[in-house]
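Trainee: Converting from the first sequence to the working numbering requires adding 4 to each position, the first position being numbered 1.
Everything labelled a hint here was simulated from the structure, so no lab data went into it.
Here a beta-carbon is modelled for each residue, glycine too, at the ideal position from N, C-alpha and C.
Treat the hints with caution; some may be incorrect.
Taking CB as the label site, the calculated pair distances span [claimed, not checked]:
no., residue 1, residue 2, range
1, Tyr79, Glu15, 27 to 37 Å
2, Arg152, Glu6, 37 to 47 Å
3, Met33, Glu67, 32 to 42 Å
4, Ala217, Ser22, 36 to 46 Å
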Amino acid sequence: MEPVSIAQAEELQQRLASQVEVPRAQIPMPRTVAGLDISYAVGSDRIATTAVLLNLETGAILEESTVHGVATFPYVPGLLAFREVPALLEALGQLRNQPDLLLVDGQGIAHPRRCGSACHLGIRAGLPAIGCAKTRFIGEHREPGPHRGDQAPLLDNGELIGHVLRTQDNVKPMYVSPGHRVGFEQSCDIVLAACSSFRLPDPIRHADRLSRAALALY
DNA sequence: GCGACAG
DNA sequence: ATCTTGTCGC
């Protein structure tokens, strides 16, 4: 029930999209969040996937897990989840403690079918999830203000699909959108809280560094 | 037909 | 995502 053709993936994604929940109400502020990321080898299909669990209140890293594997699905814009989510679920499963929320390196509902990687992962893990991407995928927006916390709505044909959020003063903004079971405003609040002193949320930044190091020596 | 296109 | 050198700035 994992490997699928591109046509099947689009069909499957259509069904998953109907399961995405974007509440208008606030959810309890998560105590712990897990950041996830994948590194790819050049001339092979080897990948290393890392999950980092962080205590959002203290900023302490509680635990981390890394799994090695092989990329089975190609990169197709709009279908990134089929390439990455299986591995992300594996790394997540290796954590001893379940996080209160997931921070994904990619889009949430800021996606053509409102079903980015963060939506897939949130639904399949049964946990709240937020998509936090470094670059735009779809949608238009104005340039947010220059300071940490400044933001601008990300719109697709007038529909709100996320926010462009400045996570530190004078850095390129991040593209934040709900993945599952968390609203727009709170998604920005949580991402901001996770960005202690860098552009990227701490857990994602650590996961990126750890997965790259793991891939290099394996 | 042409350009855009998360990671 | 990854391949890449030097270079600018704190």
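Trainee: Now, for every hint given, state plainly whether the structure supports it.
Mentor: Status of each hint after checking the structure:
{"no.": "1", "hint": "Tyr79 x Glu15: 27 to 37 Å", "in the structure": "19 Å, violated"}
{"no.": "2", "hint": "Arg152 x Glu6: 37 to 47 Å", "in the structure": "40 Å, holds"}
{"no.": "3", "hint": "Met33 x Glu67: 32 to 42 Å", "in the structure": "20 Å, violated"}
{"no.": "4", "hint": "Ala217 x Ser22: 36 to 46 Å", "in the structure": "39 Å, holds"}
In terms of the numbered hints stated before, the structure departs from hints 1, 3, listed from lowest to highest.
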